[in-house]
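Just so you know, the sequence shown maps onto residues 1 to 154 in UniProt numbering.
Some hints here could point you the wrong way.
[Said to hold, decoys possible] As a list, the in silico SDA-like pairs of lysine to any residue whose alpha-carbon atoms are at most 20 angstroms apart:
hint	residue 1	residue 2
1	Lys93	Ile77
2	Lys93	Asp61
3	Lys73	Ile134
4	Lys95	Pro52
5	Lys144	Val121
6	Lys93	Arg110
7	Lys141	Pro118
8	Lys74	Glu112
9	Lys95	Arg106
10	Lys74	Ile126
11	Lys95	Val108
12	Lys144	Trp50
13	Lys74	Ala87
14	Lys93	Gly109
15	Lys141	Ile152
16	Lys73	Arg110
17	Lys95	Gly133
18	Lys144	Asp61
19	Lys93	Ile134
20	Lys74	Ala53
21	Lys73	Gly109
22	Lys141	Asp75
23	Lys141	Arg114
24	Lys95	Trp50
25	Lys73	Glu58
26	Lys141	Glu129
27	Lys73	Ala53
28	Lys144	Asn120
29	Lys95	Ala49
30	Lys74	Arg110
31	Lys141	Glu80
32	Lys93	Leu130
33	Lys73	Ile101
34	Lys93	Glu132
Since the hints were made in silico from the structure, they are not lab data. Treat the numbers as computed from the prediction; the structure is a model and nothing was measured.
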Amino acid sequence: MTQPTQHNPLTVWNPLRELEDLQARMDHLLRTTFPFPGAGFPENGGSDAWMPAADVEETEDAYLVELELPGVKKDQITVEVSEGELAIHGEIKEKERAGVIRRNTRRVGRFEYRMALPSNVDTEHIGAELTEGILTVRVPKAEKSKPQRIEIRG
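Sequences are here, hints too, so could you generate the full structure?
Right under this line is the structure:
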């Protein structure tokens, strides 16, 4: 029998995140069980890229995209914006090891994260920073789209 999941009372439960996690797991299961052209394997014409864990936060003046990329150097990451989409990709190379690996759970290989951007962003001033394994991409909102208070006359 499964035990109910306990949620931290200080965090807000997000059912969409759970659905996204479930979808990612189901996609992986289908790709590995029923390989078909374009299903994620390079030999089948697909991509073998995995998607890093990410958080997207909306503030008053920007969208902040944070990706977990431990051990990745900034020259191994490419951040691009094209046609209303933010694309972050790169590759984590497997380390050469002298001993026998007894457990291997870290992800290696190509990674890719894509996100459709809202129409109210300023793509000319997007910035990215890599600190302690967290890539933070700041996508500022356009000046004209920021909420403003309208004074009522009369």
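Going down the list of hints, with the structure as the test:
no.: 1; hint: Lys93 - Ile77; verdict: 12 angstroms, holds
no.: 2; hint: Lys93 - Asp61; verdict: 36 angstroms, violated
no.: 3; hint: Lys73 - Ile134; verdict: 11 angstroms, holds
no.: 4; hint: Lys95 - Pro52; verdict: 19 angstroms, holds
no.: 5; hint: Lys144 - Val121; verdict: 10 angstroms, holds
no.: 6; hint: Lys93 - Arg110; verdict: 8 angstroms, holds
no.: 7; hint: Lys141 - Pro118; verdict: 9 angstroms, holds
no.: 8; hint: Lys74 - Glu112; verdict: 15 angstroms, holds
no.: 9; hint: Lys95 - Arg106; verdict: 11 angstroms, holds
no.: 10; hint: Lys74 - Ile126; verdict: 16 angstroms, holds
no.: 11; hint: Lys95 - Val108; verdict: 9 angstroms, holds
no.: 12; hint: Lys144 - Trp50; verdict: 36 angstroms, violated
no.: 13; hint: Lys74 - Ala87; verdict: 15 angstroms, holds
no.: 14; hint: Lys93 - Gly109; verdict: 6 angstroms, holds
no.: 15; hint: Lys141 - Ile152; verdict: 26 angstroms, violated
no.: 16; hint: Lys73 - Arg110; verdict: 14 angstroms, holds
no.: 17; hint: Lys95 - Gly133; verdict: 17 angstroms, holds
no.: 18; hint: Lys144 - Asp61; verdict: 11 angstroms, holds
no.: 19; hint: Lys93 - Ile134; verdict: 18 angstroms, holds
no.: 20; hint: Lys74 - Ala53; verdict: 17 angstroms, holds
no.: 21; hint: Lys73 - Gly109; verdict: 14 angstroms, holds
no.: 22; hint: Lys141 - Asp75; verdict: 27 angstroms, violated
no.: 23; hint: Lys141 - Arg114; verdict: 18 angstroms, holds
no.: 24; hint: Lys95 - Trp50; verdict: 18 angstroms, holds
no.: 25; hint: Lys73 - Glu58; verdict: 26 angstroms, violated
no.: 26; hint: Lys141 - Glu129; verdict: 18 angstroms, holds
no.: 27; hint: Lys73 - Ala53; verdict: 17 angstroms, holds
no.: 28; hint: Lys144 - Asn120; verdict: 8 angstroms, holds
no.: 29; hint: Lys95 - Ala49; verdict: 18 angstroms, holds
no.: 30; hint: Lys74 - Arg110; verdict: 14 angstroms, holds
no.: 31; hint: Lys141 - Glu80; verdict: 17 angstroms, holds
no.: 32; hint: Lys93 - Leu130; verdict: 18 angstroms, holds
no.: 33; hint: Lys73 - Ile101; verdict: 24 angstroms, violated
no.: 34; hint: Lys93 - Glu132; verdict: 18 angstroms, holds
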